[in-house]
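Colleague: Produce the complete structure using the sequences and hints provided.
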Amino acid sequence: MSLESLYQEIILDHYKRPKNKVLQDKYSVEVHHNNPSCGDEITLRVQVENQIVTQLSWDGVGCSISQASSSVMSELAQGIPVEKALELEVSFLELMQGKGQVEADEEELEDAVAFSGVARYPARVKCALLGWMALKDALLRAGGSK
Amino acid sequence: MALLDTNLIRQDFPILGRTVRNGKKLVYLDNAATSQKPIVVLDAERNFYLNHNAAAHRGAHLLAEEATDAFEGARAIVADFISAQSSEIIFTKSATESINVVSYGFSNHLSKHDPFYIGAEHNIVVTQLEHHANLLPWQQLAKRSGAKLSWLGITADAQIDISNIDSVINDKTKIVAITHQSNVSGAITQLEPIVKRAREVGAMILLDACQSVPHMPVDVNKLNVDFLTYSGHKAVGPTGVGVLWGRSELLEKMEPMITGGSMIDSATIESATWAKAPKKFEAGVPNMAQAVGLGAALNYLTKIGMEKIHQHEELLTERALKGLQDISGVEIIGSKSSLNRGSAISFTLEGVHPHDVGQVLDDYGIAVRTGHHCAWPLMQELKLNATTRASFYLYNTPEEVDIFLDGVREVKKFFKV
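Listed in order, the protein sequences are those of chains A and B.
Taken in order, the first sequence gives residues 1 to 146; the numbers are from the UniProt record's numbering.
Taken in order, the second sequence gives residues 1 to 417; the numbers are from the UniProt record's numbering.
Calculated directly from the structure, the hints in this document are not laboratory data.
Since no wrong hints were added, every one of them can be taken at face value.
Straight line, CA to CA, 27 Å or less: simulated BS3-like cross-link-like pairs of lysine-lysine:
(1) A:Lys126 / B:Lys412
(2) B:Lys383 / A:Lys126
(3) A:Lys84 / A:Lys19
(4) A:Lys19 / B:Lys383
Covered, in the sense of this in silico footprint (three residues per stretch, anywhere, with C-beta under 8 Å from a C-beta of chain A), are these stretches of chain B:
(5) 359-371
(6) 377-387
Bear in mind that the values here come from a model prediction, so they are computed numbers and not experimental data.
Each residue gets a CB set at the ideal place from its N, CA and C atoms; glycine is no exception.
Modeller: Written out as structure tokens, the structure is:
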């Protein structure tokens, strides 16, 4: 059944036990994003040192897809160069906008490939992207800070 | 009270026979957002384009005459439907536009003796129950004019709270803009005390009837309000046509928001004077085919009977409210009784976000709305980000209510809550 392909166990796990979902005091940039069409929200804090994302924490409200995706994102984008994190965002965006036709690169996207099924539900793509859009915004704002 | 013969009615709505995800039969419960259309409405639009299409009120030829007759005939049907005069019916593109037309009728640049003059000394009263369509135009008017925006709150069961009505609606109040029936809680507004108070202080009253006119008998003479708006597409009519009804003595004095072709009495290079209502408010070639479609839609509803439709929905609502209360974890927003309540039922399910509820229901072919329903102030007051909403109409059946209730139980199973 297609529901299982949308809501993979990994997604439900992250929804029930989200990672890094406690805002940390240490951060160089904080952004707040929302989906005005549904009311989902995220506050994301990133700490960037020497062009490395050293810490990433978030808080938010929303559906399982938006919360799990933010949780997975917060794990993937932590401890890597800003440039690499932005590349991840591009790959994830491509996957989401691929209408189910784009093959996910598991090596690069790791747990985020669990969201492949979301691409077949156009109305839910924005849910999966909420955290990643916040990440992109935060990193671009943090860009240049050493 | 009896149910309608839905077997017969459903034949008029071919879309209800289609299958959706996983080959499931469509169970359409998103009627508060928009309704499905019967064939007679599609035929009326098609017939207009096929046989009578021309610019109404313009042209010296037969088709123009026929188009004018069809358009004005639709206006007469729309007027009859709410016991109004044709000259008091303005066609707009939506109820949203209708409300904007009235909000732009007010201005602080008018003479202080003009009934539509509004200034910093005045206030505008809305309620926390309003859809953004009946809130933002008034916020904007308050900003433009300097008037104060005030509001009535809500009670525990998401009805308009009138306990402080005498202080909120006062002698500085220019207009009271309220919903007739909430698109979130389904609450039907008890208008009498609000109308009485507005009349005492000489304020105008605009009624957002989007959720009431399609679902129950409405007679503007009995309501004693000044303006009433609704949209065609929620009343089995086409998209792209809304209605604004206004008292003729007020329409006569109100300035138009949109100016242009065919709304003038005379025009020179420097200035113009306006035609009488409704033409004054209908600049440009009107949405004739949509108006004709709406006429057919209202005739269709009238033939079935608005009181019968209302009773049918009451029975479905009662069944759904009862069934939902039997499911643990479900919290219904607003009244749990079908009395004084429309068919829009918003609810939350503990442990599952409304989007996820809607997604699983969709997998069973059940179409509901999830989100904030364009009523953020209400959601903020209820301390909610979103709800799931099911809403019924004349073609829905008790069996569909049961499929919906089973669907909610499946949601719980799927998310293990």
